[in-house]
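Enquirer: Based on the hints, put chains L and F in the right spot on chain C.
Spelled out from the first residue to the last, the chains are:
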Amino acid sequence: MATIEQKLTELNLSLPPVSVPQAAYVPFCVSGNMVFLSGHIAKKNGQVWVGQLGLTMSTQEGQEAARLVAIDLMGTLNAACKSVGKTLEDVRKIVKVMSLVNSTSTFTEQHLVTNGCSELLAHVFGSRGEHARSAFGVIQLPLGSCVEIELIAELNP
Amino acid sequence: MATIEQKLTELNLSLPPVSVPQAAYVPFCVSGNMVFLSGHIAKKNGQVWVGQLGLTMSTQEGQEAARLVAIDLMGTLNAACKSVGKTLEDVRKIVKVMSLVNSTSTFTEQHLVTNGCSELLAHVFGSRGEHARSAFGVIQLPLGSCVEIELIAELNP
Amino acid sequence: MATIEQKLTELNLSLPPVSVPQAAYVPFCVSGNMVFLSGHIAKKNGQVWVGQLGLTMSTQEGQEAARLVAIDLMGTLNAACKSVGKTLEDVRKIVKVMSLVNSTSTFTEQHLVTNGCSELLAHVFGSRGEHARSAFGVIQLPLGSCVEIELIAELNP
Numbered sequence: 001m002a003t004i005e006q007k008l009t010e011l012n013l014s015l016p017p018v019s020v021p022q023a024a025y026v027p028f029c030v031s032g033n034m035v036f037l038s039g040h041i042a043k044k045n046g047q048v049w050v051g052q053l054g055l056t057m058s059t060q061e062g063q064e065a066a067r068l069v070a071i072d073l074m075g076t077l078n079a080a081c082k083s084v085g086k087t088l089e090d091v092r093k094i095v096k097v098m099s100l101v102n103s104t105s106t107f108t109e110q111h112l113v114t115n116g117c118s119e120l121l122a123h124v125f126g127s128r129g130e131h132a133r134s135a136f137g138v139i140q141l142p143l144g145s146c147v148e149i150e151l152i153a154e155l156n157p
Numbered sequence: 001m002a003t004i005e006q007k008l009t010e011l012n013l014s015l016p017p018v019s020v021p022q023a024a025y026v027p028f029c030v031s032g033n034m035v036f037l038s039g040h041i042a043k044k045n046g047q048v049w050v051g052q053l054g055l056t057m058s059t060q061e062g063q064e065a066a067r068l069v070a071i072d073l074m075g076t077l078n079a080a081c082k083s084v085g086k087t088l089e090d091v092r093k094i095v096k097v098m099s100l101v102n103s104t105s106t107f108t109e110q111h112l113v114t115n116g117c118s119e120l121l122a123h124v125f126g127s128r129g130e131h132a133r134s135a136f137g138v139i140q141l142p143l144g145s146c147v148e149i150e151l152i153a154e155l156n157p
Numbered sequence: 001m002a003t004i005e006q007k008l009t010e011l012n013l014s015l016p017p018v019s020v021p022q023a024a025y026v027p028f029c030v031s032g033n034m035v036f037l038s039g040h041i042a043k044k045n046g047q048v049w050v051g052q053l054g055l056t057m058s059t060q061e062g063q064e065a066a067r068l069v070a071i072d073l074m075g076t077l078n079a080a081c082k083s084v085g086k087t088l089e090d091v092r093k094i095v096k097v098m099s100l101v102n103s104t105s106t107f108t109e110q111h112l113v114t115n116g117c118s119e120l121l122a123h124v125f126g127s128r129g130e131h132a133r134s135a136f137g138v139i140q141l142p143l144g145s146c147v148e149i150e151l152i153a154e155l156n157p
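Residue numbers (this note's numbering), protein chains in the order written: chain C, 1 to 157; chain L, 1 to 157; chain F, 1 to 157.
These are calculated hints, taken from the structure and not from any lab test. Since the structure is predicted, the reported quantities are computational estimates derived from the model, not experimental observations. Virtual Cβ for every residue (Gly too), placed ideally from N, Cα, C. Among the clues, some could well be false.
To be verified - Some chain C residues well away from chain F (every beta-carbon gap over 10 Å; in silico):
#	residue
1	Thr9
2	Pro17
3	Gly46
4	Gln47
5	Ser58
6	Glu61
7	Glu64
8	Lys82
9	Gly85
10	Thr106
11	Glu130
Stated by the list, open to error - Which bits of chain L does chain F cover? Going by a derived footprint, with three or more residues having C-beta under 8 Å, they are:
#	stretch
12	96-109
13	112-120
14	129-137
Claimed, not checked - Which residues of chain C face chain L? A few of them, derived with a C-beta cut under 10 Å, are:
#	residue
15	Met34
16	Arg92
17	Val101
18	Ser118
19	Ala122
20	Val138
The following block holds chain C by itself, in its conformation from the complex:
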């Protein structure tokens, strides 16, 4: 069975370091075996990916944004694991994802946008990556980001 690291290499992905929050909070919190990751906004080439689905972005572009958020989330999850002396191999389960899609009042494909994140997680973590999920449209996000996603994971004891 491929390790997470092998999977990431196979996908030609390298995980970023944790990005510093733009406000008064921390990127993750470990509580018992649970890891709570803060909402991560979409970035492209180091800049906030500004946009709104239904107005300035297509569903396909939204999926790519959600995929990029998933990479950042895995970077933060990696740091969270390290903070308690573990690695990504110790992730027992991606438990839940909440996905906020910057949407017009007529855009109804938030679930397809969010697949950009969910599919990458399932690809990297296999059956451990299959998660519960909520996805919905929001009127606006911090800094104008097109997508914001938060994540809960469970670590092996």
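Expert: Chains L and F only, in chain C's frame:
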């Protein structure tokens, strides 16, 4: 004391099987004693219940939609219990509900809409059904659904 | 090291009692060592603080609203602790905050608004108050409130 099954029969409710998600995720995730249910969108006669509160739906219709979501959530919770060799009788607590109400910018009765779900849970589970909750308006939901609700429950060990 | 009570006194803050929810739910739910607080809407002088960021309220006013919500959240957290024979000193960690900001489609400072809550929590609880967080814009909130915030905390065993 009536069992959950007796309560459901008394209310003339039969729980549906888990519906297959329309995207890359799973309907529930069990982590330790906690069950996380995905956001469930409202359905009526097997179709997505499309609508927006403040525009095409009244508060009373929204409550009925939230009640139908609660029935689907209990169906999924039932399946989650079975997946770990338990039944709905082993639900120790409905812990938290998050309710997303498809709203215009002037509709302010998301809490009343969500009561359609909360009251049914309290009716079926008794004091074990009393839960913490957040309810708010969203600009749009997947497939145009009028309401989406996710739920966290705790099982007996 | 100052106790939470000393910190509150130093800030000239007194915690309110739990407010009665306006709908069919409870203000908090304790599950194991975790406390889940319901979404708390902003109040000013005992009335719902009605407003929308980007239209009728400035970012600075939003921060003040978020700060007042934090005080109410601490009041409820205090009651939750008492319900299991503990006090605020037994809060091991503020784990996660979810902040819903009533926003126009062009307001993008939900993170700055939410700092009004996060900074007070960090001030009162010190490093135990540093939390993961999601903040986003919503089209409308129950009773027209400008801000709604929910919170998850972990208690010492």
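Enquirer: For each hint, tell me whether it holds in the structure or not.
Expert: These are the hints, each one checked on the structure:
1. Thr9: Holds, since 28 Å exceeds 10 Å.
2. Pro17: Label holds. Min Cβ-Cβ 17 Å, cutoff 10 Å.
3. Gly46: holds (18 Å)
4. Gln47: holds (14 Å)
5. Ser58: holds (19 Å)
6. Glu61: Correct as stated: the minimum Cβ-Cβ distance to chain F is 19 Å, above 10 Å.
7. Glu64: Nearest chain F Cβ is 20 Å from C/Glu64, so the label holds.
8. Lys82: holds (16 Å)
9. Gly85: holds (18 Å)
10. Thr106: holds (13 Å)
11. Glu130: Check passes; 22 Å lies beyond 10 Å.
12. 96-109: holds (count 9)
13. 112-120: holds (count 5)
14. 129-137: holds (count 8)
15. Met34: Since the shortest Cβ distance to chain L is 7 Å, the answer is holds.
16. Arg92: holds (8 Å)
17. Val101: holds (9 Å)
18. Ser118: holds (4 Å)
19. Ala122: holds (6 Å)
20. Val138: holds (6 Å)
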